[in-house]
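Participant: In case you want the letters, here they are:
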Amino acid sequence: MKQALVIALLLPGGASLGADSTDEVAAGKGALLASTCSGCHREEASGPDGIPSLSGQSVSEIARKLAAYRSGELQGTLMNRLARGYSEGEIKLLAEALGTAAGAEPAEQ
Amino acid sequence: MRTRRRVLKDLGVSAGTLALTPLVALGATARVVVVGGGFAGASCARQLRSVAPGLDITLVEPKKTYTACPFSNLVVAGQRRLSQQEFDYSGVASAGVRVVHRSAVDVDPVARQVRLDDDSLLTYDRLVMAPGIELRWGALEGYDEAAAERMPHAWQAGAQTQLLRRQLEAMPDGGLAVIAAPESPYRCPPGPYERASLVAAYLKREKPRSKLLLLDAKDNFSKKPLFLQAWQSLYGDLIEWQGASNGAALTAVDAAGMTLQTDFDEFTPDVANVIPPQQAGSIARRAGLTDASGWCPIRPLTFESRLVENIHVIGDAAIANAMPKSAFAANAQAGLCAVQVARLLAGEAPMDTTLLNTCYSLVGPDYGISVAGVYRPTENAWQSVSGAGGTSALDAGSDVRSKEAGYAVHWFDTITAQVFG
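Top line first, the protein sequences correspond to chains D and E. For what it's worth, our numbering labels the leading residue of the first sequence as 1, then goes sequentially. For what it's worth, our numbering labels the leading residue of the second sequence as 1, then goes sequentially.
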């Protein structure tokens, strides 16, 4: 789990946050959803035979891949089976939690 | 205004030194005790530390070295050293968790105290129990702790794993090895079948005239079509599986005479690996967390006990319904439980989520298969999301089997680094 997003997990879900609470609650929910991904995917680069690392992939790239795994357009070993379990909304939250923030320097893949 | 989320994201690179302003409300004095230092407990303690650094977190685990069960079948099959399964708690401790190497012997849920085997008391605001499994000695007639020295279970990794390995090494070519698998639920549903596969690989290579018989107390098991297919293609008739409908469930064992009894038959193998019925670790029972099944009923979203307030149960001991008793599931539950415990202590409502599980099994050299599931919490149960999950394709090519074998190794290295590294 990305350390920074971890913090959003504990933000109050209600009144004390004011106007941008929805955004922050969504970030927390995304971080929680994404926390199970780290059971397999490492933050650091993985070798050619390893489970691909997610670091350095942009939000839109991750969202696109998850949607493609979900539809079957992209074939993985296991990701199709997992992606089918998530709604479009959840895929958006997952991508935002896992992807490199827009504007950040994308890492070389 | 710039959203806090963006600010937090930007700060991500230096998480260890963050000023964690949102957490002040938690109070620095809230105490969480975690009992059990396996994939559930050690992970939960660590993840609590990272989501709520202000908490006082104590992990209670009697052993100084943890011996991981996943991949211990490779040790049984002679493809891996037991030391590669061993992890200490220095990583957990340096993450900021107080690690106490004692056994928890009792829980007082009213005083909210855990008593340790030196009679010291740990007071908690929330207690996370991750006691794993205990073998139900005597549930199978004749199978007690003494019997396990002749007929190892090797279902809690360590000395038992090595004992089974030594017995297989001593077995003559042309001998009979039996693996007896229990009814569900038990730790690691595909485990007995992965073990049979890897032991068969060893026998085929070193003792090709031998036979491996799997006596099963059930008719269906995890990834069954994939295992049967792999056994046929890799090991021919070296492995024979018999299910409950074939009368294969053990009814009694006699360790002194090395006999295994079923309804219709008696076997006298050279090696008998008896995997007995299981239940939640004994501290869960003493704390009043178990029901008649021997496992711990929980409220799905928070993993809080249905029987005792302020105590959460995660990992193999918990009744997580569709989620299997696996290391992956334990680690996933640990992450969720950490967040919910921190939220509850901060006076926040639990956060809804979706969990997943992935279990790889190695069935031969460069041959891996997997099962996966995605789960949603209802009021009463963790349920599989329909249309998701399932096993590797039956008709997948050798490239996929090879890839999944590599992924299995990668998964083990990743999860152990995450929990113990």
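Any given hint might turn out to be false.
Stated by the list, open to error - Computed list of lysine-lysine pairs in DSSO-like fashion (alpha-carbon distance at most 30 Å, straight line):
(1) 65(D) with 403(E)
(2) 224(E) with 403(E)
(3) 403(E) with 207(E)
(4) 224(E) with 204(E)
(5) 204(E) with 403(E)
(6) 403(E) with 92(D)
Please keep in mind that the hints were generated in silico from the structure rather than gathered at the bench. This structure is a prediction, so every number in the text was calculated from the model and none was measured.
Participant: Against this structure, judge whether each hint is valid.
Facilitator: Cross-check of the supplied hints:
1. 65(D) with 403(E): With a Cα-Cα distance of about 19 Å, the restraint between residue 65(D) and residue 403(E) holds, given a limit of 30 Å.
2. 224(E) with 403(E): Satisfied, since the Cα-Cα distance of roughly 20 Å is no more than 30 Å.
3. 403(E) with 207(E): Given that 30 Å is the threshold and the Cα spacing comes to 28 Å, the pair holds.
4. 224(E) with 204(E): It holds: about 21 Å lies between the C-alpha atoms, which stays within 30 Å.
5. 204(E) with 403(E): 23 Å, holds
6. 403(E) with 92(D): Answer holds: residue 403(E) to residue 92(D) is near 28 Å, not above 30 Å.
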